[in-house]
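Sequences listed follow chains A and C, in order. Take the first sequence: its position 241, counting from 1, is numbered 241 in this note's numbering, and each next residue is one higher. Start counting at 1 in the second sequence, then tack on 273, and there's your number in this note's numbering.
No lab work stands behind these hints, which were simulated from the structure alone. Just so we're clear, the structure is a prediction, and the values are computed from it rather than from any experiment. Honestly, I wouldn't trust all of these hints.
[As the list claims (entries may be wrong)] Cut-off 27 Å, straight-line C-alpha distance, at most; resulting in silico cross-link-like pairs (BS3-like, lysine-lysine):
1. Lys66/A x Lys429/C
2. Lys592/C x Lys474/C
3. Lys433/C x Lys66/A
4. Lys627/C x Lys66/A
5. Lys302/C x Lys627/C
6. Lys66/A x Lys474/C
7. Lys408/C x Lys66/A
8. Lys356/C x Lys302/C
9. Lys627/C x Lys592/C
10. Lys66/A x Lys356/C
11. Lys474/C x Lys429/C
As a plain string of letters, each chain reads:
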Amino acid sequence: MSRRLINQRPGRAGIIYLGALPFLLLLLLYAFASAARRAENPNDKLLPGAAALADAVRRVAFEPDKRTGQIVLWSDTAASLTRLALGLAAATTIAFVGGLANGIIPYVRAGLSPFVAVVSMVPPMAILPILFIVFGLGELSKVMLIIIGVAPCLLRDMQLRVEEMPGEQLIKAQTLGASSWQVITRVVAPQMLPRLLDSVRLQLGPAWLFLISAEAIAAEQGLGYRIFLVRRYLAMDVILPYVAWITFLAFLADFVLRRLNRRCFPWLYVSRA
Amino acid sequence: MLKTTKRAIAIATTLLAIAAGGAGAAEKKDFTLAWTIYAGWMPWPYAAESGIVKKWADKYGITITVTQINDYVESINQYTAGKFDAVTVTNMDTLTIPAAGGVDSTALIIGDYSNGNDGIVLKKGDTLADIKGRKVNLVELSVSHYLLARGLESVKLSEKDVTVVNTSDADIVSAFAAPDVTAVVPWNPQLSEILKMPGAKQVFSSQQIPGEILDLAVVNTAVLKDNPAFGKALVGAWFETLALMRQDDAAGTAAREAMGKLSGTTLEGYEAQLKTTFMYYTPAAAVAFAKSPELRKSTDLVRTFSFEHGLLGDGAKSKDAVGIAFPGGEVLGSKDNVKMRFDAAFMGLAADGKL
């Protein structure tokens with residue numbers, strides 16, 4: 001009997017080749033479709049060719065803008081990453097503190113848990129006018145949109161993780177004389193940190209989504225601002241490199257968080273293996 | 274492996290064929306028009322709903338599908354990409370999106386110009402000069418931006434004296450309610466909503482620049498050339514609808530009420546919007562404007578603004594990069610690269626009763 005399909009494994013080269021194949025096919029498809037559209041209209045804006053894309057990248061990433069003197073890609077990236085970092089940092093802090101309290105203190109849970117469960121279901125984009133009036137139209141409202149969009153989910157996840165903890169651990173700590181505070185800071189919190197980082201990784205996508213939505217609504221710079229601005233004249237030669245850049249930044253953030261988790265909390269991965 | 278590659282090529286070829294088939298121009302029978310909600314364009318959905326479009330299409334043996342797009346910019350992009358044969362669009366956006374993108378476009382119908390539908394509104398300010406140093410919320414690179422530039426010029430200020438904040442048109446009303454927003458440039462119906470708010474004062478409007486912000490029905494030039502029947506049917510349906518909505522009787526009121534409902538407002542709301550919209554109700558009036566020197570003058574202002582803001586594309590060396598043709602054959606800008614055409618021939622047929 002030949003070896004079963006589920007036991008056949010590709011070699012090292014095979015893994016690289018198979019992994020690259022979908023990317024290559026996508027590029028090939030784009031090149032074909034772009035060439036076909038440009039054969040009909042050499043100025044086609046929807047699927048620009050490699051030369052037009054390279055030219056746009058040179059313009060936005062290496063040459064200072066005529067009007068402001070800044071290099072737009074970098075100033076946009078700096079503005080967006082600052083908003084994202086502030087929003088995620090605040091949301092993570094809220095989730096960590098709130099999730100711990102919700103998970104371990106029954107009185108807090110009774111008061112807060114149903115409220116958080118309901119609030120996390122409110123779509124933030126639907127209440128934008130209220131957010132504008134409360135937080136204005138400046139930087140604060142953009143950071144707040146990320147916090148409101150991401151914090152409730154993080155918080156609920158944190159609460160679930162705390163509730164999942166084996167009760168024996170808590171009882172043991174108490175029989176050794178630990179106070180509530182000591183149980184929280186010495187037993188629960190250290191175990192929750194890596195799980196929090198993991199759930200932040202999963203929330204990176206939604207955080208970007210809220211960031212770009214906020215920048216599309218009112219902004220002077222930022223990655224989302226640029227995309228929605230040049231969309232007005234179908235400048236896909238600028239939009240496509242921006243999309244690739246955003247994807248890369250998001251991938252990088254995920255990668256960094258994963259490595260950080262492995263480095264700071266190696267014990268988690270020992271037990272999993 | 275070979276099998277996989279073969280299949281991939283097959284899929285790629287299929288998708289390629291779909292992508293390439295978008296914008297073919299040749300004689301055909303089925304046509305599409307995309308429209309978005311705006312006072313001056315509401316006759317289109319009414320004409321489609323009430324059967325006027327079908328009547329004219331039948332007369333020329335074709336079909337015309339009239340489709341609403343929720344997002345204005347998206348409707349122009351879809352037209353530019355070849356998904357629609359015709360679209361409702363302003364003069365400036367025709368120049369900067371399809372024409373600058375190499376899609377030869379003909380302004381088949383000049384429907385109206387904004388006669389107060391666009392305005393600059395301030396909080397705590399009595400004249401436009403008070404805008405100096407403020408943040409101004411508007412849809413950047415749109416007709417609002419153009420109106421701001423024209424307004425600033427009129428009080429000897431320039432764009433350097435203000436900070437432009439790009440703000441979505443859907444959110445501009447709630448943006449004005451925010452305390453830190455003190456200057457906005459909206460269009461209707463958002464403009465009239467904002468003017469209802471306490472402390473809002475309109476300091477400049479498109480009434481001061483008549484005939485510059487034009488609302489058109491634009492058709493792909495190649496499609497129109499191969500299918501004059503499409504142009505005739507659109508023009509015929511348009512002016513029949515306009516004659517009807519102009520009437521003071523029950524039929525006219527019913528038409529205006531239906532148009533108001535279609536744009537999400539009431540008869541009164543819609544009539545208020547019509548007051549700030551200068552409609553070319555008769556083909557003769559529209560033809561006269563298309564042939565007038567004013568149109569050339571305002572087109573020159575619009576293309577100068579567009580070039581100065583980089584909207585003619587980065588390859589454009591001067592405002593002459595994209596040629597604009599007028600009735601009679603006169604061309605503004607490059608004669609070798611005419612991509613936008615004002616046409617009076619089809620409206621002329623309507624004026625002469627030859628449709």
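Hints the structure fails to honour: 2, 4, 6, 9 and 10
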